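Enquirer: Each chain, letter by letter, is given below.
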Amino acid sequence: MIEVVSAARCVACDVCVKVCPTDVFERGPDGVPVIARQGDCQTCFMCEAHCPTDALYVAPFSDPAPPGSPHADEAALGPALGAYRRIVGWGSGRTPGSRADKNHLFTRRVRVVPERPED
Amino acid sequence: MTGALDTDVLVLGGGPAGTWAALAAASAGARVVLADKGYCGTSGPTASGGNNLWYLPPDGPGDARARAVESRFEQSGRLADRRWMARVLDETYRRVDDLAAWGYPFPEEDGVQLRGSLQGPEYMKRMRRRVHRSGVTILDHHPALRLLVDDWGVVAGAAGLARQRAAAPWTVRAGAVVLATGGCAFLSGAFGTNVDTGDGHLMAAELGAELSGMEFSAAYALSPAHGAHTKGLMMQFATYTTEDGAEVEVPDPLTARTRVAELLAAGERVYARLDRAPRDLRAAMREAQPNYFLPLDKAGIDPFRDRYPVRMVLEGTVRGTGGLRIVADDCATTVPGLFAAGDVATREPVSGAVSGGGAYNGAWAISSGTWAGAGAARFGAGRARPRAVPAGRAGLEPGALDPAEVVAAVQAEVLPLDRNYFRTRAGLRRSLARLDALWRRVAAEGVAGTGRDRLRARQAAALTAHARWSYRAALARDESRGLHRLVGAPTRDEYEHRILTGGLDEPWTAPEPPADPRLGPPPVPWSADPVHESPGALA
Chain D
-2 MIEVVSAARC VACDVCVKVC PTDVFERGPD GVPVIARQGD CQTCFMCEAH CPTDALYVAP
58 FSDPAPPGSP HADEAALGPA LGAYRRIVGW GSGRTPGSRA DKNHLFTRRV RVVPERPED
Chain U
429 MTGALDTDVL VLGGGPAGTW AALAAASAGA RVVLADKGYC GTSGPTASGG NNLWYLPPDG
489 PGDARARAVE SRFEQSGRLA DRRWMARVLD ETYRRVDDLA AWGYPFPEED GVQLRGSLQG
549 PEYMKRMRRR VHRSGVTILD HHPALRLLVD DWGVVAGAAG LARQRAAAPW TVRAGAVVLA
609 TGGCAFLSGA FGTNVDTGDG HLMAAELGAE LSGMEFSAAY ALSPAHGAHT KGLMMQFATY
669 TTEDGAEVEV PDPLTARTRV AELLAAGERV YARLDRAPRD LRAAMREAQP NYFLPLDKAG
729 IDPFRDRYPV RMVLEGTVRG TGGLRIVADD CATTVPGLFA AGDVATREPV SGAVSGGGAY
789 NGAWAISSGT WAGAGAARFG AGRARPRAVP AGRAGLEPGA LDPAEVVAAV QAEVLPLDRN
849 YFRTRAGLRR SLARLDALWR RVAAEGVAGT GRDRLRARQA AALTAHARWS YRAALARDES
909 RGLHRLVGAP TRDEYEHRIL TGGLDEPWTA PEPPADPRLG PPPVPWSADP VHESPGALA
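In order, the protein sequence lines correspond to chains D and U. If you're matching positions, the first sequence starts at -2 in the numbering used here and goes up one per residue. If you're matching positions, the second sequence starts at 429 in the numbering used here and goes up one per residue.
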C-alpha cells in the first residue's frame, strides 16, 4: 500500500491525485497530496511510475505497514523512492523498459499448458 | 464534467478494450465520450500488470494460425469457436501493427520487433495519448452507475457521479454504448483488479442482457502472501515446499497450482522459491516481468534464494472467461444499442472453459474493442433518441445496509478456495441460499452511503449479483471443465455446450441453443424498428 508522500520532493503537480485508479489521494491544503483512503490502495504502483519527482513510496504489502515500519519511514527508504519509474524507464535520459522486454523467452517455454500460464 | 453531454458513442471503461473501442468509433467518424471509473491509462489489470498477446503473423511457418486455432480449441474444453479464434488472431495482428506504427517501443531481436508482449504502463499511457489525439472526450474518475434507455428499450447513454468533483451527477446521452468495464475480481485486491467490480454486468442485466460462461469464474492466481501480485509466468521456475520444508511433489511446476491450492485450502502454509530458474536467465526474468520482482525486492526477498510464503488470490471473471453474451460479430449484446468488449464480455469464443488470463484476454481486448467500437459507431451515429430515462435499481438509492458488510458477505462465499476453487454441489447450494438472501436485502433495504460512497453501494450490489450468476451457472454445469472444478465430477460429453444465465430478482440458467449451421452466423435476437433510425441493427 501507499505509505509515503515526500513533502520534500513533491512539487504539488497533482499527477498522483489524477492517475490513481482507485482515487486514494486528496490534494492537501499546501498542495502536497494526502493519503486520504489508504484502504482503497491496491498496491498497483501506478502512482510511483507516474510521479515525476519520485516523491512516492508504495510498500509491497496488501495491508498498512505497522507503526515504526521502515516501509513508512522516508529517511530509511532513500533510493527505494522512484524504483518503479526507473524500471518502467520513464524520465529524461531513460530508455523505455519495454525495449528490454524478454517475455518471449518465457512464453515459448509454456505454450502447451491449459490453465492461464501466460500473463 | 458535470451535467449532461450528448454523443454518438459512449464507452464505459478506459482499459485496453475501452481505448481500442474509442479509437475504432472515432475513426468511423463518430463523436465519442470515454468515461472511466478511475483514470484511463492506469485503470485495470493491463495497465498495472501488462500482458502477453495471442499473436501470430499470417505468414508464419506452415499453417501456424490454423494449427494454433485447432490446438487451442481442444485446450478450451471444446467451448471456443474456431471462426472467432481466427478473427481474433487476424484483428489483433493488424491492430498491433498500428501500435508499432504509433511508436510503441517493442524489443528487437536481430533487427526484428518482437510484438507478442505489452508492458502495461507503457501500453496504456500510449493508448490514452492516442485516444486523446483522436478527439475523444475522456472523463476520468467518472464511474457510471446506470444506463439510460429510450422509449424503444434501446440503450441511450449512462449516468454516474464525478468522484473528484464532489460526487456531482453526470449524464451522457448516446446513440450507443460500449461496455468495457472489465470483469469482476470481487475486490480481492489481485494486482490492478479492484476497479473491476462487475458494474457493467449489473447495468446490462438490469436491461435484460444475457450472460454466458459465468461458471468459469473460479480463476485464482498465486501471489506472495504479503501482497496480491498475481503474475503467473515466472512460477514455471518455482519449487514449492510446505512448512516443514518438504517439497510439494508435482509432475511439472506448471501444473503445480491445483496441488498448491489443495494444500492452502487445507490450511497449510506453502512456500515458493524460483530455484529452478537457470542462472543465465535470471536477469532476463527481471526484464520480462519487473513488476513480479519489484514487490519481492521491496520486501527484502531474493526469490531465487529465499523461500517465500504464497497465497492464491481470486481473479474471478477478470481472468476467468464468463461475461456478457455476445450475439453478433460486432460484439452486440442481447440488449439493443449495447456492445461489450474486453473482460466484461464472455471470452468463451476464444478461450472456452479455460482462463482467458494473459495472452487470450490481451488479444480479445484489442479485437473485441475494435469491433464493438465500430459496431457502436454504425448503430449510434445520428440515431434519434428523443427521450432517455435512467434504468437500474439495486444499490442506487441510499438505504440501510453497510456496503462494507455486503462486500464481506459476498467475499465469504467466493474467496475461500474450498468454496470456489474446489466446488461441491452442496456447497454451491448453501452459498446461493445466503447470496439470494443477501440480494433480497440489498434490493429491499438498500445500501447506505452518500456522495462518492454511492459508488461503494452500487459496487456491493454488483458483486452480489455476480456471485449469484457465477454459482447458478456452476450448479447448472454438473461436471468439471476448465476453470469449473466440481469435486468428484468428471467432464461429461453432454455438457459440451455453453451455459447462459441472467436475471436479478429471479436469476435463470439455460443451455445455449445450438446454432443451426445452415443459417450462417446467428442473427441479432431483436428486430430493428426502422422508425428510430438504427443502422447498426441492419448492418
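Think of the hints as simulated: they come from the structure by calculation, not from any bench. Hints may be right or wrong, so weigh each one.
What follows is a list of derived Cβ distance ranges for each label pair [what the hints assert, rightly or not]:
no. : chain 1 : residue 1 : chain 2 : residue 2 : range
1   : D       : Asp70     : U       : Ala529    : 44 to 52 angstroms
2   : U       : Glu833    : D       : Pro64     : 25 to 33 angstroms
3   : U       : Asp864    : D       : Pro64     : 40 to 48 angstroms
4   : U       : Glu502    : D       : Pro67     : 46 to 54 angstroms
5   : U       : Pro597    : D       : Val8      : 30 to 38 angstroms
6   : D       : Thr50     : U       : Gly457    : 38 to 46 angstroms
7   : U       : Ala514    : D       : Pro64     : 51 to 59 angstroms
8   : D       : Pro64     : U       : Pro737    : 16 to 24 angstroms
Pulled a few chain U residues facing chain D out of the computed Cβ check, cut under 10 angstroms [unchecked claim]:
no. : residue
9   : Ser562
10  : Gly563
11  : Thr565
In this text the structure is predicted, and so the values were computed from the model without any measurement. Note that beta-carbon positions come from the ideal geometry of N, C-alpha and C, so glycine has one too.
Enquirer: Classify the hint on Thr565 of chain U as holds or violated, based on whether any CB of chain D lies nearer than 10 angstroms to its CB.
Expert: violated (16 angstroms)
Enquirer: Could you see if the CB distance from Glu502 of chain U to Pro67 of chain D stays within 46 to 54 angstroms?
Expert: At 51 angstroms between Cβs, range holds.
Enquirer: Given the hint of 25 to 33 angstroms, is the C-beta distance from Glu833 of chain U to Pro64 of chain D inside that range or not?
Expert: At 27 angstroms between Cβs, range holds.
Enquirer: Mind checking the CB of Ser562 of chain U against every CB in chain D and telling me if the closest is under 10 angstroms?
Expert: violated (20 angstroms)
Enquirer: Has the hinted range 38 to 46 angstroms been met by the Cβ atoms of Thr50 of chain D and Gly457 of chain U?
Expert: holds (41 angstroms)
Enquirer: Against chain D, with CB atoms and a cut of 10 angstroms, does the hint on Gly563 of chain U hold up?
Expert: The hint is violated - Gly563 of chain U has no Cβ within 10 angstroms of chain D, the shortest such distance being about 21 angstroms.
Enquirer: Are Pro64 of chain D and Pro737 of chain U spaced within 16 to 24 angstroms by their CB atoms?
Expert: holds (23 angstroms)
Enquirer: 51 to 59 angstroms was suggested as the range; check whether the CB atoms of Ala514 of chain U and Pro64 of chain D agree with it.
Expert: holds (57 angstroms)
Enquirer: Is it true that the C-beta distance of Asp864 of chain U to Pro64 of chain D lies inside 40 to 48 angstroms, as the hint says?
Expert: holds (42 angstroms)
Enquirer: When you take the CB atoms of Asp70 of chain D and Ala529 of chain U, is the distance between them in 44 to 52 angstroms?
Expert: holds (46 angstroms)
Enquirer: So the hint says 30 to 38 angstroms: do the beta-carbon atoms of Pro597 of chain U and Val8 of chain D match that?
Expert: holds (33 angstroms)
Taken one by one, the earlier hints fail for this structure at numbers 9, 10, 11, listed in ascending order.
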